[in-house]
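S.K.: As they're listed, the protein sequences go chains A and B.
Each residue of the first sequence is one higher than the one before, starting from 71 at the first, in this note's numbering.
Each residue of the second sequence is one higher than the one before, starting from 32 at the first, in this note's numbering.
Some hints could be false.
[Said to hold, decoys possible] Quick look at which bits of chain B chain A covers, simulated, 3 or more residues with Cβ under 8 Å: (1) 158-171; (2) 227-234; (3) 432-440; (4) 449-456; (5) 459-466.
Just so you know, the hints here were simulated from the structure itself, not pulled from any lab data.
This one's a predicted model, so the numbers in the text were calculated from it and none came from an experiment.
Beta carbons: idealized from backbone N, C-alpha and C, even for Gly.
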Amino acid sequence: MSIKVIGRISICLLISVLLFSLSGKRAGAAIIEDRSVVIGTGIVSAVTTQDIRFTLPSSANVGSLVFQYCSNLPWIGYICTAPTGLDVSGAAIASQLGNTGFSIDSADSTANRLVLSRAPVPVSNFPNEFILSNTTNPSTPGSTVYIRISSQASVDGSGPTIDTGAVAFAVQSTFNVNAFVPPFLKLCVGVSVAPDCSAMIGDSIDLGVLSSSTANKGQSQYATATNDPSGYVIYAMGTTMTSGNNTIPALSSPVASFPGTGQFGINLRANLNPAVGQDPVGVGTGTPTPDYDIPNRFVFNNGDSITTANLPSDYNRMTVSYLVNVPKNQSPGIYSTTITYVATVQF
Amino acid sequence: MSKSLFVFVKGNDIRSRVKLLLVALLFIWAIALPLMPEIAGAQQITARSLTLGTAVPSAVTSYTFNFTVPQTTAVKSFSAQVCSAAIGTCTTPSGFTVTGSSISQPTGLGATTGWTISTATAGQLRMSNATNATASSGSQAVFFTSVTNPNAAYITSNGGAFYVRMTTYSDAAWTTAIDTGTVAAAVVQTLQVNAQVAESLTFCVGSTTVDSDSTGTVASDCSAVAGSSVNLGVLDSSKINITPMTTNCVPADCGKNGVAMVRSNALNGTVIYYDAVQQSGTNHKGTLRIAGQTCDASANNASTSNTDQCFNISTTQAAFTTANERFGMTVAGVNCGSTTSYTCTGTGTANLVRDAAYDGGGSSTYQATDLDQINGPTSNGYAWDESGTAVQIASSAASTIKQIDDEALILKFAAHPLITTPFGSYQAQADFIAVSTY
């Protein structure tokens, strides 16, 4: 036999040995079917659940199932790189379906290897589901974890594999959606205003010639809205009506109209005596303060809060009714006042 | 005797010597003729070859002989004796059998019909046609089928090569040979090539400036997908804000949509889910909210409060108007700019199919008008599930092709506050999950 022939035979033998060695590890091992994993959350480092589902094609005696977690390859028999941060050492079986009777084999489990053990009995070819709790996700965003699944006849995960397969999951950072709602406070004042402040008309009221026999009246409006969680307060700032040193007394508490007496007051309701004003309108949560919320009663104190809302409020339009009564001996003159309405919030 | 004959002619003239030579030759021919009657006049068959249907040991396959006979004598039978050697004693290769074989009618051997096979002789493929009187012409082809190859043991013992000794006969009993020739063939061990394709899943979530399913590339693959947030900017009760936001939006995560890119070779498909991360606070922890605040206690997913610090949502996809406080998300389309393994030009051709509750308007057309601030209503529908339960938004499980090559879901978020929506910085958090079934 020539050297060439011997060499050729040697090469053939070498190739045969290599092919055999590559396939020999999985000789007889079947591929696990319909396999998947659903993690409770894919957020990095989260302590969560793993719902692992698969079907074992073989019917051999199975005493253990091994879940090996790797970041490099899904193939059993290859070096496994443990995913950084992943920890299944504290995992528990929350539920099991299909081929059951398994418990955690803590002695043979590690941070990235979980062994489920039972007394060896033949498996049936129907879907299995193992829900594991208290597993910790890897800490690297975007990383993929391969779970190498295998069944063994032994009870401790050792020895030849019967069926093998792998599933994968990936973890992410929490995805955030950001938005900003700016502070909002709207107050519009006029002789008349639209309920949503889209229009305002006039900035003065002429009460005409004051009479001691009939009530003198007028009205203005304001509307307010805010998104302050604690709502808003509207204050009326100003004085009673004056003409030089002559004044018309302001009503310090809610009082009905008495023509012939000196009275200056306001309220925020629809009145019949005198017929003036309008009840609040709008879907907001603003309401008149108690003293200014009595029909046919008028009051005015500088700096009084006249409207409040305790919540964010859509628009409410308030109608301010003005009442002026004067006695017969009221000094002549042009009486006037300026009322400033101030809205405050706590932004 | 030869000596006597020599003596007999000794002394005669040359003519007598020639006569004597002819007599001697005739004598020799007369003696030799019975010893080699069959190959007398046989010539070598030329251009001969044997083609096996397969060379796998023990395979039942076809044997096709092609050759050219040198003589025009009508062929009435043909044999192909299979041997382990080209000459000498014929040993049939182990495993070879003609049992069960059949033929197709040969060509170039005269008659085109009437040929029948004989499997009576082990180790020989035979056929005959007693009525063929037509001379062979051109090249010939003989077809045997269902022949069993030598077995694998023959490879071990003889290396696999075998030889077929062909003979044509002028009679139908394989007796009177016309021409002969030998061809060679071999059975070889099947070469098994093993390879493994690993289960793969690459899934990433980030942000992108791409706002189309057919134009632009989100990233070459997941390794280039960045960002973990998008910004809806400053909300305005008179407008609807939709990503990508540019108006009155300054932070780095403005001008971007969300994106979820997936690559998987799972045979049974991949499903994409999201679940709302439950934030700190009370009630409605999974919506767009201010963390830590107490929100309205109405039933989950049915908040009707417009004054708490939790945006109202609807799990049913619907267009947004300025009449309601709303927060939601939709998958505006599937961008295939990074897909190279198959043809994919956008939403309608992608393997990932959006869930009906998160498919914008239900059309495969990307609703490009939904971006930044619009007066409303929106062109897309939006939905959000604040419960924290995983909600499916896309899947390839029902697609014809279930594997996915870097298909990217373009995630659009939209929000609209009312006047009473409390001011402040709001945030919604989501967790995206890809589940591949192998």
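S.K.: May I ask which of the numbered hints given earlier this structure violates, with the numbers listed in increasing order?
M.R.: Of the numbered hints given earlier, those the structure breaks are 1, 3, listed in rising order.
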